[in-house]
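In order, the protein sequences belong to chains A and B.
Add 1 to the 1-based position in the first sequence for this note's numbering, that's all there is to it.
Add 1 to the 1-based position in the second sequence for this note's numbering, that's all there is to it.
Everything labelled a hint here was simulated from the structure, so no lab data went into it.
Hints may be right or wrong, so weigh each one.
Unchecked claim - Think about it this way: if two alpha-carbon atoms lie no more than 27 Å apart in a straight line, the pair counts; the simulated BS3-like pairs of lysine-lysine are: (1) K243(B) with K163(A); (2) K243(B) with K318(B); (3) K318(B) with K163(A); (4) K251(A) with K243(B); (5) K318(A) with K243(A); (6) K163(B) with K163(A); (7) K251(A) with K163(A); (8) K318(B) with K251(B); (9) K39(A) with K163(B); (10) K251(A) with K163(B); (11) K251(B) with K163(B); (12) K163(A) with K243(A).
None of these values were measured; they are calculated from a predicted model.
Number of protein chains: 2
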Amino acid sequence: MQPLQNDRLLKALLREPVDVTPVWMMRQAGRYLPEYRKVRTQAGSFMDLCTNPELACEVTLQPVERFPLDAAILFSDILTIPDAMGLGLYFEEGEGPRFSNPVRSETDVDALPVPDPEDELRYVMDAVRLIRRVLDNRLPLIGFSGSPWTLATYMVEGAATKTFSRVKAMLYNEPLVLHRLLDTLAQSVTAYLNAQIAAGAQTVMIFDTWGGVLTPPDYTEFSLQYMQQIVSGLVREAEGRKVPVILFTKGGCQWLEAMADTGCDALGIDWSTDLADARRRVGDRVALQGNLDPAVLYSDPDIIRDKVAGVLGAFGKGTGHVFNLGHGINPDVDPEHAGVLVNAVHEFSAQYHN
Amino acid sequence: MQPLQNDRLLKALLREPVDVTPVWMMRQAGRYLPEYRKVRTQAGSFMDLCTNPELACEVTLQPVERFPLDAAILFSDILTIPDAMGLGLYFEEGEGPRFSNPVRSETDVDALPVPDPEDELRYVMDAVRLIRRVLDNRLPLIGFSGSPWTLATYMVEGAATKTFSRVKAMLYNEPLVLHRLLDTLAQSVTAYLNAQIAAGAQTVMIFDTWGGVLTPPDYTEFSLQYMQQIVSGLVREAEGRKVPVILFTKGGCQWLEAMADTGCDALGIDWSTDLADARRRVGDRVALQGNLDPAVLYSDPDIIRDKVAGVLGAFGKGTGHVFNLGHGINPDVDPEHAGVLVNAVHEFSAQYHN
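Looking at chain A on its own, in the form it has when it is part of the complex:
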């Protein structure tokens, strides 16, 4: 394999100098792309697509073939681990994910295995290996997982929720049971991400989609603690390079300092926080990834360019910034607009690097 041709992402995540700010978009391989929708229809169900390494590879590469992005991200779902634990993941159209066998009791929790990534989750590792082969080091590949707390919310609720009634009842009434569940998940996520790294993921990101629904002490105890456990257990070097770790808690802007203290390399930032503030708060401890409002992509190209310039300016001079949206790209966005974003990042960011 040739040496990595574009290592801006890995360098920026480690706060090493780059020529321009690297850019990728959360959910860049997704429904806003017509070529994705075509493969998705051919595949059958969403899980059929996730579990087929060839198709997962194909959709992973679609956005990087269309746009001059600085990274590919593995196409998969955050709920592969609970599925591998035997919960029976399925998707109902327009309903979000569901589990046939949600986790409701201490007995359920005690029965959960730590899945072997090269056995029950081999399809993910096969996808990582295949993507790396096909990418041929043109770009780095990002691996990922859901956070233990976020996985637990889906596992206990069994379906999408606005109130988090079951998982919060467990949190308040049976905190020790929830802690056992979270510990099993932290072990599982650690093994899963280490296997992704061994299979070829060059950086990994932990998505804590639901950390923001917790009170400050509960966030520390039930979400951050287990992300820290994972960060401590990850293999941080592969192929002679460091493997940066990115943490992202949606709605977690008030906890950036504590997140930076976990020993991770970078924080994902949603659009509710000004990047200049975030940078001032975390100093040079971590890089920052974000944070354009995904809704900016509904606006006209000249406005998209203007807002991209605004985010770059908010971060300011020097390395340590990976441009991204503050959340996943929405399915009803015009793909051309995503291209405008990517080009604008490269065009406008050179001035912030020497």
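Model the placement of chain B on the given structure of chain A, informed by the hints.
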């Protein structure tokens, strides 16, 4: 009418001494109460209930008859103003509010009237007058409105949204059109709340449910600015007492200082912020209302009591705290648990007042 028998709420909102911390719950007149569900079924549609002053009065009083709450809050909906503007509000079961005639263009915006509260919204004022008569000053009555930004999101989207695609496209592409809409709404809300105050509301609250989806500069420009305009235009005294104004932006914890600077009397705080932090940040400029995680009500009574004590302890000694949930009470909560909360607030808070 007798003098106000329980003025803890009004005093605490103005940071005057009280014997115990006053308590009420957002959405306290609502679906978690079997007696509410009975009236709701009798009324027909949700809007039939809102537009019938006798029934609105009945459900307003249900929670204060059941629990020793320190205030009643008008039963109504935040979307009465857009409905009065001619948008045709209706509710589909499990779908949230919808408008038959959403606002999509500059022409639509220019055609919007400022509703006369004693004409198109007379049913609300009649409900306020009736509730005051029946309450007979045993407790104060809280009036309310949605914020201009929050109303605009529903008016432009026409239905519930997760992406805010239409209103954000307007914000980014046609900010001046959105500003005209928000100005019309600010005038309408000011007139509406002043009419509620004239009809007998003894304090008013502005619900900015969706301010938290904005970036920091957009929050200032498109939400906070118009709440400030309303605060400046409100009649702040009635029946020889001050009429406190409460602002609540869900997900707005990072903007508390700016919100306090609007000249309002109190801020609603959701459960994502520690009340001790919030108090330190706003100092003695405003009172604070909140902020128990509504999901605590899913837990056992002894845990509810423990968590109530935690919130009271976080605020600490002295006046300026109104106990509330950090968001509306959920429909699947056991009503007995709400009673445990209310009693615990009074029992545990005496120690914080002299």
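Now for the hints, and whether the structure bears them out:
Note on K243(B) and K163(A): the hinted pairing is violated, with a Cα-Cα distance of about 37 Å set against a maximum of 27 Å. The suggested pairing of K243(B) with K318(B) holds, with an alpha-carbon distance near 24 Å, which does not exceed 27 Å. At most 27 Å may separate the alpha-carbon atoms for a hinted pair to count; K318(B) and K163(A) exceed this at roughly 34 Å. Annotation: proposed proximity of K251(A) to K243(B) is violated, straight-line Cα distance about 40 Å (limit 27 Å).
Note on K318(A) and K243(A): the hinted pairing holds, with a Cα-Cα distance of about 24 Å set against a maximum of 27 Å. For the given pair, K163(B) sits about 12 Å from K163(A) by alpha-carbon distance, which is consistent with the 27 Å threshold. Between the alpha carbons of K251(A) and K163(A) the distance comes to roughly 15 Å, so the proposed pair stays at or under 27 Å and holds. Between K318(B) and K251(B), the direct Cα distance comes to roughly 25 Å. Compliance with the 27 Å bound is thereby established for this hinted pair.
The straight-line distance between the Cα atoms of K39(A) and K163(B) is roughly 25 Å, inside the 27 Å bound, and the hint therefore holds. Using a Cα cut-off of 27 Å, the hinted pair K251(A) and K163(B) holds, with the two alpha carbons roughly 14 Å apart. With a CA separation close to 15 Å, the supplied pair K251(B) and K163(B) stays within the 27 Å bound. Distance check on the hinted pair: K163(A) and K243(A) sit about 39 Å apart at the alpha-carbon level, beyond 27 Å; violated.
Hint compliance for this structure: hints 1, 3, 4 and 12 are broken, all remaining hints hold.
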